[in-house]
Amino acid sequence: MAAAAGGERNGGGSDGAAQRRLRILSGHLHAPPGTQLSANPCRGRAATAPSAASQSRVFPKRRQEILKWNGWGYNDSKFIFNKKGHAEFTGKRYQIGGIVFPLLKEWLEKNLGGSLEHKITPRASLNISEIPPSIASEEFLQDLQMTKIPYSKEAESRVFRAHGHCLHEIFLLREGMFKRIPDVVVWPECHDDVVKIVELACKHSVCIIPYGGGTSVSSALECPPEEKRTIVSLDTSQMNRIHWIDEKNLTAHVEAGIAGQDLERQLGESGYCTGHEPDSMEFSTLGGWVATRASGMKKNIYGNIEDLVVHIKMVTPRGVIQKSCQGPRMSTGPDIHHFILGSEGTLGVVTEVTIKIRPIPEYQKYGSVVFPNFERGVACLREVAKQRCAPASIRLMDNEQFQFGHALKPQVASIFTSLLDGLKKFYITKFKGFDPNLLCVATLLFEGDREKVLQHEKQVYDIAAKFGGLAAGEDNGQRGYMLTFVIAYIRDMGLDYYIIGESFETSVPWDRVLDLCRNVKERIARECKEKGVQFPPFSACRVTQTYDAGACVYFYLGFNYRGLSDPMRVYEEIEMAAREEILANGGSLSHHHGVGKLRKHWLKESVSDVGFGMLKSVKQFVDPNNIFGNGNLL
Amino acid sequence: MAAAGAVARRRGPPVYSQKNITSKKKYDFEDILEERRKASDLRYAMKCYTPVVYKELSPCKPSAIKTVVLQSEQVQYVVRQLSKETGESPDIIQEEAAEILDEMGHSMHMGAIRFFAFTLSKIFKCLFRSICVNEDGMQKLQQAIQEHPVVLLPSHRSYIDFLLLSYVLYTYDLALPVIAAGIDFLGMKIVGELLRKSGAFFMRRTFGGNKLYWAVFAEYVKTVLKNGYAPVEFYLEGTRSRTAKTLNPKFGLLNIVMDPFLKREVFDIYLVPISISYERVLEESLYACELLGVPKPKESTSGLLKARKILSEDFGSIHVYFGQPLSLRTLASGRINRCPFNLFPRHIPQKPSEEVQEFVSEIAYKMELLQIENMVLSPWILVAVVLLQNLPAIELELLVEKTVWLKNVTQTFGGFLDWPDNLCANKAVRSALALHSNIVSLVNGQVVLNDKEMGPGAPEELVFKQALAILLCGSYRNQLLNIFVRPALVALALEITHSSRKEEIYSNFAFWRDVFSDEFIFFPGIPLKDFEEGCFLLTKCDAVQVTPQQVFVTEKGSVVISFLTAMFRPFVEGYQLICRYLSKEANEAFTEKQFIFGVRSFTSQLLEIGSTQCYEVLSSDMQKNALASLVRLGVVSRRKMNDGFTYSVNKETLNKIAGMLESRIPVRKPMAARL
Ligand SMILES: Cc1cc2nc3c(=O)[nH]c(=O)nc-3n(C[C@H](O)[C@H](O)[C@H](O)COP(=O)(O)OP(=O)(O)OC[C@H]3O[C@@H](n4cnc5c(N)ncnc54)[C@H](O)[C@@H]3O)c2cc1C
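In order, the protein sequences belong to chains A and B.
Per the numbering used here, the very first residue in the first sequence carries number 1451; after that it's consecutive.
Per the numbering used here, the very first residue in the second sequence carries number 7; after that it's consecutive.
Chain A with its partners taken away, still in its complex shape (with noise of 0.2 Å):
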């Protein structure tokens, strides 16, 4: 990734840093010549052929044409081993398109005790004969005909619809098949059409499943086996337009089911953005994340989802709900946008938002400090942190991810850099006397007018000399950043080596954050071992985000399966120990991933007898029927 961004190093300028994070992401931006941004209730639908408008969206009805249906991201991007044995990812896409990782391979082998011989060739395309057959009502199906929404019975967009990202899912796909998936896909365009579906779905008594990027990491979208009524995907790609802009009071009014690449490709031709950068950007939805309460890695600046949305619209078996007015801020009781925050589409389709925009910062620059230890580098994020001077983004891993970072290093063209590299490692591990298998890196990003990012770089670099923290260059930084992002390419290539890993996150005091994570990564390893897993697990962990009276700890663990019989069992099994040992550390059940069905069973004691009371009480008067049925949460 350094040298693919290599051309940009000197950090972009008034070209619009958000675009340029973007194009990092993902190189392949065709953006489509002058989106239009309309103000009808729906396009025309009339148009049988696929218009020019419908080509502008990145996502099609049918998905599986672009992207993987048994992987993340697109079909033609991914790790493999070239023919030398080296790691490449593969496609035009990204930036990182046809480029080595000489490293990856050694790291797979050491860590994970990987081996190319050993490799699982994965089924080329589903076994239709095996996909559960649809049994959608034929009263509804009609009525929905009435209504000329577009909808799909076809398997394979059905069992596209089955899943999120978990481990769980992405391996069945791949082993075996889902009990129960959706009957139909539908594809609304705009709210009124929301509106009628659920209409109609209250009159035949079918389950309503919302379905926005399907990035979900918590079981959300899986349907409960035992649902016996139509169980209807609700897709809300099509919904993804920018109703309007409004530059006095900063805001935009969208459609909730826009891509986050897309909201911010498009904001960007305005000289905008939100800010909102989860690490699933390119694929999860306005309306997933409001669904969840997501949170973006630039938080610092523009605020999680909570902060940033301003007005939501939400259609429930009760009618609509929504706020009078767009007021910053207000205190008519509970708000109740926090009971759509998070309700993970148990309630309602969220429809439309109207979130803030800010305008693309004119500057933008990555960085990295090296402590000695993790110690030194927690104990300077919470100095940031009490400071308040935390930049857009700045985020600790420990040693042993920052190893696997370090294995991300692209083959360096130049004797030049790699001289350079050499001498910066010696550098650090022997003259400063770190030692390599201790030290631990913090990966930053400012942003602003170039003036103040570089006063406020000298601050934080500044309280970092303090904890015995060395400055270590922009690569390493953005070398960070790209890790998070591909982190789901580099597991669909572990499955193909008997290599299964995952990630799973929580919140945590200050004070505890030292202790949470040495406690998980131990009881991971002890996990292992007792579960007869035979090569020692990769965990490692990164303080992802800070906050005045606390942190967000992320988690990776990853093991090679080879010698198990249930591997999946023994992943959750190891996957549910790591989340009782967070919670008896003082951690909470999750920061952003949510709840979904991975993690329901420890809800009701995470929120009390009374919480949980409450959130079943609105439940009750919003959705008595349980029309959204996918049984997350309570």
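Be aware that one or more of the hints could be misleading.
Listed below are the simulated DSS-like cross-link pairs for lysine-lysine, each with C-alpha atoms no more than 30 Å apart in a straight line [stated by the list, open to error]:
1) B:K590 <-> B:K630
2) B:K256 <-> A:K1882
3) B:K146 <-> A:K1979
4) A:K1560 <-> B:K61
5) A:K1836 <-> B:K630
6) B:K630 <-> B:K662
7) A:K1678 <-> A:K1698
8) B:K131 <-> B:K203
9) B:K662 <-> B:K599
10) B:K256 <-> B:K203
11) B:K662 <-> B:K646
12) B:K72 <-> B:K90
13) A:K1555 <-> A:K1528
14) A:K1629 <-> A:K1560
15) B:K372 <-> B:K471
16) A:K2047 <-> A:K1528
17) A:K2069 <-> A:K1678
18) B:K217 <-> B:K44
19) A:K2047 <-> A:K1511
20) A:K1979 <-> B:K203
21) B:K131 <-> B:K44
22) A:K1569 <-> A:K1533
23) A:K1916 <-> B:K662
24) B:K72 <-> A:K1882
25) A:K1542 <-> A:K1646
26) A:K1555 <-> A:K1981
27) B:K357 <-> A:K2054
28) A:K1882 <-> B:K67
29) A:K1981 <-> B:K53
30) B:K256 <-> B:K53
31) A:K1979 <-> B:K372
32) A:K1981 <-> B:K61
33) B:K203 <-> A:K1836
34) A:K1981 <-> B:K146
35) A:K1916 <-> B:K72
36) B:K256 <-> B:K357
37) A:K1916 <-> B:K67
Cβ-to-Cβ under 8 Å is the rule here; a few derived chain A residues that face chain B [what the hints assert, rightly or not]:
38) N1532
39) K1534
40) G1535
Quick caveat, the hints were computed from the structure, so don't treat them as lab data.
Idealized CB from N, CA, C, for every residue including glycine.
Since the structure of chain A is already known, use the hints to place chain B with the ligand on it.
Just chain B with the ligand now, kept in the frame of chain A:
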């Protein structure tokens, strides 16, 4: 000392687990003095000592630890708090904290350790025939030390316990612990400092009210423990047991060492029960005197030096058994609420919740029960039991016969016997008698207590001497009691219940268990488990038959039953006498001191005129236990006054309980107790 005697055989039911009870397991003990008798002590003292350490340890000098403690949030918090409460400046309080820490902190020093390695080698070789250590335990401990912080929990029978343990650990190249020692040691100037340098840290015996002391102390222990600087060692019993019966546990220190785990400051902590069994306890006669109210000599260096005369005596063997290290995490899993501390800052002192207190208490009892289980029992203990039931004299042949009989019962009950298999029973008993010739003698084929040698004296002097001999002997018998107590209380219940209905027997059992729960170690709560364990063991030696509704004594069983009741009779009678004293004499409120004095003179008179033979009631230990028990039963009420507690008798309840204690059990003369 040949390894022959060092191989002990055991049948091991951990009390409360009825599985594997027949599975025999051999433990290999190694006599570490054997090597010392052959090789140079100096070289041993100077050997290269590089113990394995905790895997996450970053080494730290004792002085640096003190700084860490003083700067810790915990101590700082209390300093600020006290400053606010008292108006004193924080600096002064901080200064005070530093002083406390200086008084308390250890300063482990290799030189001192080598000095002890040398001198203790000399002394131990003089005093003891062997020091036998279970090697597998050492290996497990070595493993444990590397994995997690370790707490060593030895039994406490002698001053030399902790020196002995450190000596053993040094011999095996294991990390030396820091040890919570009573501050009275500091009275011995040179020795105190030497001990400090060998890893002891000192704690005041009472610091209940002193917040600063508590904070500094707790933080000190936790810092040492959680950073893995050294294993922490302390005595659950709190003090040396003068009776050789395991004392009920104290919870303060256990609370402290469990805290880092409960707050998840460490991943886990290992608790290691250690049983140190002395064939002959150095302080045996001192203890007996103390129990009879002859004041305990202050620990002073000169006092210790006078003890030099004991260097010429033979104190037999010592067995040190290192139990399986127990993971606190495993013990806690599913047992206590996952996150009891999530809602408080961890550095603010918090009274442990009821749930936590209960858990701590269970762990304490569990550890003590494990200590008891792993105590090595010498033949002499069996001899003492038999002898005390056959006073004033018993023929040697009969003694041997009964001892062998008792040996079998003991093994059935899971006692960890060190019986010399290479000797015939007669020789084994004789050698036991020889080792304890200060207590017993063989006169014309009769075995007798040495209680009359000093010739006739005043009646009270005779009583005293007799009591001394009996308490001495009793301190060996006592070592068997905690293994026998469950079947014995069932036996007692069987004797006094006029039916074979299990329910009734159980209710009598539960009564006695309750009465004696200060005297013997029972796992808190659940008397039913104890009852079942007792029945089970009695069934194993064919003494009873148990059906779902009933318990019958078998024909053969009555021997066992009456033996067991006789074994515990001194306690039953002692408590009866104490109740009688209370109903006759205690009309006004009294202090513990007055109570002890009163019981002593009341019972002395009875003993002088021969209307009771229960000399053990003169033991202050029994008196205090009985008082505590009577408080618990509501017979005596306790009130806190300015200068300690005062007690007053609740006559009505007394009559009731005394009735229950008295009427049901026929008080036979000890003489009549025959097998
Ligand atoms: C590689 C990767 C990286 C990720 N990084 C981040 C990150 O940085 N920060 C973060 O917060 N999360 C992250 N996630 C998690 C996930 O992207 C978020 O939960 C995201 O908000 C889900 O949005 P989505 O549009 O994909 O929703 P989906 O996955 O389609 O749905 C998620 C849930 O929301 C409901 N839902 C979706 N749309 C609507 C709607 N319009 N109305 C009502 N309910 C709806 C669904 O029913 C489902 O219950 C990551 C996931 C992956 C796989």
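Consistency of the hints with the structure:
no.: 1; hint: B:K590 <-> B:K630; verdict: 18 Å, holds
no.: 2; hint: B:K256 <-> A:K1882; verdict: 49 Å, violated
no.: 3; hint: B:K146 <-> A:K1979; verdict: 19 Å, holds
no.: 4; hint: A:K1560 <-> B:K61; verdict: 22 Å, holds
no.: 5; hint: A:K1836 <-> B:K630; verdict: 57 Å, violated
no.: 6; hint: B:K630 <-> B:K662; verdict: 21 Å, holds
no.: 7; hint: A:K1678 <-> A:K1698; verdict: 50 Å, violated
no.: 8; hint: B:K131 <-> B:K203; verdict: 23 Å, holds
no.: 9; hint: B:K662 <-> B:K599; verdict: 25 Å, holds
no.: 10; hint: B:K256 <-> B:K203; verdict: 26 Å, holds
no.: 11; hint: B:K662 <-> B:K646; verdict: 25 Å, holds
no.: 12; hint: B:K72 <-> B:K90; verdict: 24 Å, holds
no.: 13; hint: A:K1555 <-> A:K1528; verdict: 15 Å, holds
no.: 14; hint: A:K1629 <-> A:K1560; verdict: 37 Å, violated
no.: 15; hint: B:K372 <-> B:K471; verdict: 37 Å, violated
no.: 16; hint: A:K2047 <-> A:K1528; verdict: 29 Å, holds
no.: 17; hint: A:K2069 <-> A:K1678; verdict: 20 Å, holds
no.: 18; hint: B:K217 <-> B:K44; verdict: 52 Å, violated
no.: 19; hint: A:K2047 <-> A:K1511; verdict: 26 Å, holds
no.: 20; hint: A:K1979 <-> B:K203; verdict: 41 Å, violated
no.: 21; hint: B:K131 <-> B:K44; verdict: 11 Å, holds
no.: 22; hint: A:K1569 <-> A:K1533; verdict: 14 Å, holds
no.: 23; hint: A:K1916 <-> B:K662; verdict: 74 Å, violated
no.: 24; hint: B:K72 <-> A:K1882; verdict: 28 Å, holds
no.: 25; hint: A:K1542 <-> A:K1646; verdict: 41 Å, violated
no.: 26; hint: A:K1555 <-> A:K1981; verdict: 26 Å, holds
no.: 27; hint: B:K357 <-> A:K2054; verdict: 27 Å, holds
no.: 28; hint: A:K1882 <-> B:K67; verdict: 24 Å, holds
no.: 29; hint: A:K1981 <-> B:K53; verdict: 42 Å, violated
no.: 30; hint: B:K256 <-> B:K53; verdict: 38 Å, violated
no.: 31; hint: A:K1979 <-> B:K372; verdict: 28 Å, holds
no.: 32; hint: A:K1981 <-> B:K61; verdict: 23 Å, holds
no.: 33; hint: B:K203 <-> A:K1836; verdict: 42 Å, violated
no.: 34; hint: A:K1981 <-> B:K146; verdict: 22 Å, holds
no.: 35; hint: A:K1916 <-> B:K72; verdict: 24 Å, holds
no.: 36; hint: B:K256 <-> B:K357; verdict: 16 Å, holds
no.: 37; hint: A:K1916 <-> B:K67; verdict: 24 Å, holds
no.: 38; hint: N1532; verdict: 40 Å, violated
no.: 39; hint: K1534; verdict: 39 Å, violated
no.: 40; hint: G1535; verdict: 35 Å, violated
Hints 2, 5, 7, 14, 15, 18, 20, 23, 25, 29, 30, 33, 38, 39, 40 from the list above are not met by this structure, while the remaining hints are.
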